[in-house]
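Asks: For reference, the chains in residue letters:
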Amino acid sequence: MFGDYSLGDLGSIFVMQGFAGLILFSVYVLMALGLAIIFGQMGVINMAHGEFMILGAYVTWMTSNLFQTYLPGLFAGYFFLAMILAFLASGALGMLVEWGLIRHLYKRPLDTLLATWGLSLILQQAYRSIFGAREVGVELPPWMLGSLKVTDSIEVPINGVFVMCLTVLITIVVAYVMYKSRWGRQVRAVVQNRIMAGAVGINTEKVDRYTFGLGCGIAGIAGSAFTMIGSTGPTSGQLYIVDTFLVVVFGGAASLLGTIASAFSISQTQSTLEFFMSGSMAKVLTLLAVVGILMLRPQGLFALKVRK
Amino acid sequence: MTNARFATRSELIGILVLAVFLVVILPLCLDVFRLNLVAKYLTYAFVALGLVICWGYGGILSLGQGVFFGLGGYCMAMFLKLEASSVENTKIQSTPGIPDFMDWNQITALPMFWKPFHSLTLTIIAVILVPGIFALIIGAAMFKRRVGGTYFAIITQAVAAILTILIVGQQGYTGGINGMTDLRTLKGWDIRPDHAKIVLYFFEVACLFGCIFIAQFIRHSKLGRILVAMRDKEDRVRFSGYSVANFKIFAFCVAAVFAAIGGAMFALNVGFMSPSFVGIVPSIEMVIYTAVGGRLSILGAVYGTLLVNFAKTSLSESFPELWLFGLGGLFIAVVLAFPNGLAGIWQDHVQPRIDRLLSSRKPKPAAGWTDNSVADGAPAE
Amino acid sequence: MLVGHQPKEFLLAVEGLTVSFDGFKAVNDLSFYVEENEIRVIIGPNGAGKTTVLDLICGKTKATSGSIQFRGKELTKLKENQIVQAGVGRKFQTPSIYDDLTVFENLEISFPRGRTVFGSLTFTRDAVVRDRVHEVAEMIFLKDRLNMSAELLSHGQKQWLEIGMLLIQDPDLLMLDEPVAGMSVSERVKTAELLNRIIKDRSVLVIEHDMKFVEDIAHKVTVLHQGQILSEGTMEKVQNDPKVIEVYLGH
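Protein chains in written order, with the numbering used here: chain S, 2 to 309; chain A, 430 to 810; chain R, 3 to 253.
Keep in mind that the hints were calculated from the coordinates and are not lab data.
Just so you know, even glycine gets a beta-carbon here, dropped at the ideal spot from N, CA and C.
Be aware that one or more of the hints could be misleading.
What follows is a list of derived Cβ distance ranges for each label pair [said to hold, decoys possible]:
#1 Gln95(R) <-> Gly44(S): 20 to 30 Å
#2 Leu240(S) <-> Gly617(A): 41 to 51 Å
#3 Gly138(S) <-> Pro749(A): 19 to 29 Å
#4 Pro749(A) <-> Gln18(S): 40 to 50 Å
#5 Ile774(A) <-> Pro114(R): 51 to 61 Å
#6 Lys741(A) <-> Thr118(R): 39 to 49 Å
#7 Thr66(R) <-> Gly19(S): 52 to 62 Å
#8 Ile774(A) <-> Lys207(S): 32 to 42 Å
#9 Thr273(S) <-> Pro622(A): 24 to 34 Å
#10 Thr273(S) <-> Lys75(R): 46 to 56 Å
#11 Thr236(S) <-> Ser523(A): 52 to 62 Å
Anything over 12 Å on all C-beta distances counts as not near chain R; from chain A, calculated [to be verified]:
#12 Val597
#13 Ala658
#14 Phe754
#15 Leu787
Work out the full structure: start from the sequences and follow the hints.
Replies: Printed below as a string of structure tokens:
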């Protein structure tokens with residue numbers, strides 16, 4: 002099947018296919034980071050995570066429209082403000098949801114799943130009522146259009162490179178917050194022993210609320226980044242939710258490194274397979290492989306053996 | 430607590446009331462179109478019933494019941510489709526005698542896995558066995574390795590996603606996104622006219638009661654009590670000498686087979702089958718039927734299914750935007766405020782009043798209903 | 003170690019047992035032997051690995067290396083339910099009973115019959131089962147509470163119920179993890195009486211901190227420290243062992 006291509010062409014195709022995989026990887030990592038905090042650290046299954054992401058995407062879309070209408074001169078930089086607004090909007094909604102819903106259900110994880118699914122239906126319908134059922138796309142600032150020519154036959158799109166850089170940056174920030182900051186230590190303390198953490202003076206309710214908010218806020222940033230490479234509709238979030246959960250579970254729920262490794266292997270497998278077969282079969286095979294491996298190794302890629 | 434092998438007195442009364450409602454009242458009050466709609470809703474009641482055993486009693490939440498509903502439905506639909514695709518009916522195709530969608534996808538011979546579905550007997554066996562064995566494999570792989578709870582829910586969801594993508598992607602073999610439509614006859618008997626719909630309705634209700642009886646038997650056997658015990662203290666059951674995994678696999682398989690029977694009934698009563706009943710969204714919706722009825726109540730599952738679907742039909746006919754708000758709100762309300770659903774409300778508010786009414790006439794309190802101590806206990810988690 | 007010496011038949015022979023959690027050896031090369039009808043008490047400071055030893059024997063935790071022989075069967079290769087069926091019963095530290103079931107049903111589930119899926123589907127509550135449940139319920143002071151939901155029992159009654167659930171199982175080796183912890187003084191006395199009655203005709207492995215209680219029942223005492231045996235023998239011998247006094251009793 003490779004007969005028609007020269008060796009050089011083939012190399013370029015693989016590089017570009019690999020790059021497509023890297024963009025998918027970035028989206029997975031961005032979505033999974035928020036989920037890894039909420040599910041991995043708090044044990045809460047948030048089925049509405051995709052909708053928090055879409056909220057970020059809509060916020061970005063609205064910001065870009067505002068800039069286009071009122072501040073066309075500053076349009077090149079709107080994205081940075083949009084990202085901050087997306088983080089704040091999704092984070093605020095997340096904290097509200099934690100207060101109104103999640104905190105009543107910490108001892109019933111399966112029920113949280115159902116309740117947040119209900120929330121996701123409501124949010125989807127809200128988006129549909131407010132923004133319409135059609136998908137919307139944002140206009141990219143001019144500097145993000147076009148592609149970088151790496152060699153004569155290899156080109157990579159600038160928006161893809163930008164999303165990847167953003168992913169790296171956010172991952173580093175999250176890793177710092179979770180593992181190095183005082184607040185991250187409090188989160189992990191609450192996760193490991195809620196009662197004891199409360200006894201040593203940590204306000205566990207506040208930690209829960211901010212953790213959930215942070216996870217949702219990161220989802221908002223993911224949605225914001227997502228607009229750079231695709232369009233947004235009311236149900237776009239639902240398309241990614243199972244994939245994202247699989248990424249987190251496959252990585253070993255509590256491990257940030259595991260999440261990144263699993264996002265990388267899943268996205269690379271899928272985009273490589275897509276070269277050989279139809280997109281849907283590539284997806285089926287990738288998911289099957291993940292489910293198969295999880296059946297053999299339920300604890301995921303990275304997990305500790307602990308004394309219970 | 431009694432020694433009831435199968436049902437206590439009050440449960441028997443409940444089953445009788447449901448039977449009168451489904452067999453007498455509904456057929457008398459509704460026209461054939463509406464009755465057929467009820468038949469469609471009741472196919473989901475099979476799924477909800479299975480979820481009572483698996484989720485309510487066993488504590489295993491499967492978010493992939495659509496998979497089994499779909500497998501059962503597709504098995505039945507394949508049989509009906511083959512019968513509808515006789516050489517005579519399909520002589521305008523380039524390859525007569527194969528289903529139309531295969532012809533459209535340039536497939537020239539019936540694939541091997543379709544061949545057994547020429548026989549009704551093999552089809553009925555397949556409706557039970559294909560989902561049953563599939564559940565056995567998933568269950569054995571997961572439960573033997575102690576995967577449960579939220580992980581299991583996510584994996585079953587992934588399985589539902591995989592199967593949907595597969596069915597949609599393999600259009601030539603499955604009919605793709607449109608599914609299998611234009612199903613006509615069952616062994617030469619036309620399933621489309623009104624009188625056939627009525628017969629099929631009663632047949633379905635009979636099957637539903639068959640499943641209710643099986644569920645009742647399981648609930649009142651020691652196995653039912655072990656499921657409740659397991660949900661509560663899995664380790665204690667294990668250290669009482671039981672293989673917890675085997676009991677979970679059993680509950681999951683029962684739920685899968687019930688769902689598959691529902692799927693087969695769907696193909697018969699509604700006349701088509703499509704991937705839109707297989708995926709994640711319908712699978713979770715089926716869980717809400719059980720939750721609304723009361724996850725611990727066998728009869729509640731039937732009422733919950735009927736109620737949610739009636740609401741869905743009437744709301745989405747008149748206010749389509751409101752329906753998703755309503756459904757979402759229902760999820761949240763049931764989980765937060767009524768974890769035991771309709772059955773819980775009945776047991777806490779209606780039943781005591783009836784009992785008080787009865788005991789004020791008769792000084793002796795009605796025996797039997799105290800057996801529900803299991804059902805009206807604390808919520809599952 | 004025992005070359006040329008023919009050991010007598012032990013009920014339980016633990017040899018070279020080690021378990022390591024991420025490099026930390028909670029139990030380290032542990033060997034001990036329990037005879038038929040022996041009552042062995044394991045004591046030791048917190049974190050000595052006492053509960054882990056019971057976990058290893060009943061299969062809750064998998065050993066990293068070593069062997070556990072019970073009546074000639076290698077337990078490390080069996081699953082938890084197979085270990086129970088071989089004749090090992092285990093009581094947990096905090097009472098582990100089924101809150102949603104009645105006392106009767108709690109005991110009935112532990113009755114050793116119909117333990118397979120289909121066995122439990124066809125299980126009938128016949129006279130044998132009922133008589134045995136009533137008999138055990140009388141022993142554990144819960145005769146008049148058979149139809150009560152188990153979650154309504156007091157802490158001490160829950161402990162008794164779990165002991166009763168083990169009793170109905172009729173194990174050859176009974177393992178109890180702090181059976182009198184958290185009990186009132188009068189409950190403690192009743193429990194000691196109950197334990198003295200049920201430990202006849204079987205071997206018992208007990209973890210306990212209450213030294214008075216240990217002195218009352220122990221044939222032999224094993225002192226664990228940092229996953230290893232510090233001392234073993236009669237209560238008197240152990241009490242006078244300077245190593246033991248230093249790490250444990252001296253506190």
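Asks: Valine 597(A) clear of chain R by more than 12 Å, beta carbon to beta carbon?
Replies: 36 Å, holds
Asks: Assuming the hint says 19 to 29 Å, is it satisfied by the Cβ distance from glycine 138(S) to proline 749(A) or not?
Replies: 26 Å, holds
Asks: Are threonine 236(S) and serine 523(A) spaced within 52 to 62 Å by their CB atoms?
Replies: 38 Å, violated
Asks: So the hint says 24 to 34 Å: do the beta-carbon atoms of threonine 273(S) and proline 622(A) match that?
Replies: 53 Å, violated
Asks: If you check the beta carbons of isoleucine 774(A) and lysine 207(S), does the distance land in 32 to 42 Å?
Replies: For isoleucine 774(A) and lysine 207(S) the Cβ distance comes to about 35 Å; the hint holds.
Asks: Is the Cβ of alanine 658(A) farther than 12 Å from every Cβ of chain R?
Replies: Violated, because the least Cβ-Cβ distance between alanine 658(A) and chain R comes to about 4 Å, which does not exceed 12 Å.
Asks: Tell me if the beta carbons of threonine 273(S) and lysine 75(R) are separated by a distance inside 46 to 56 Å.
Replies: 50 Å, holds
Asks: State, for the Cβ atoms of lysine 741(A) and threonine 118(R), whether the hinted interval 39 to 49 Å holds or is violated.
Replies: Given a distance of about 42 Å, which is inside 39 to 49 Å, the answer is holds.
Asks: Could you check the hint for me, namely that leucine 240(S) and glycine 617(A) are 41 to 51 Å apart, CB to CB?
Replies: Roughly 44 Å apart at Cβ, these two residues keep to the hinted range, so it holds.
Asks: Given a hinted range of 40 to 50 Å, is it respected by the beta-carbon distance of proline 749(A) and glutamine 18(S)?
Replies: 42 Å, holds
Asks: Is the claim that leucine 787(A) lies outside the interface with chain R correct, judged by CB distances over 12 Å?
Replies: 22 Å, holds
Asks: Against chain R, does phenylalanine 754(A) keep a CB gap of more than 12 Å to every residue?
Replies: 35 Å, holds
Checked against the numbered hints above, the structure breaks hints 5, 7, 9, 11 and 13 and satisfies the rest.
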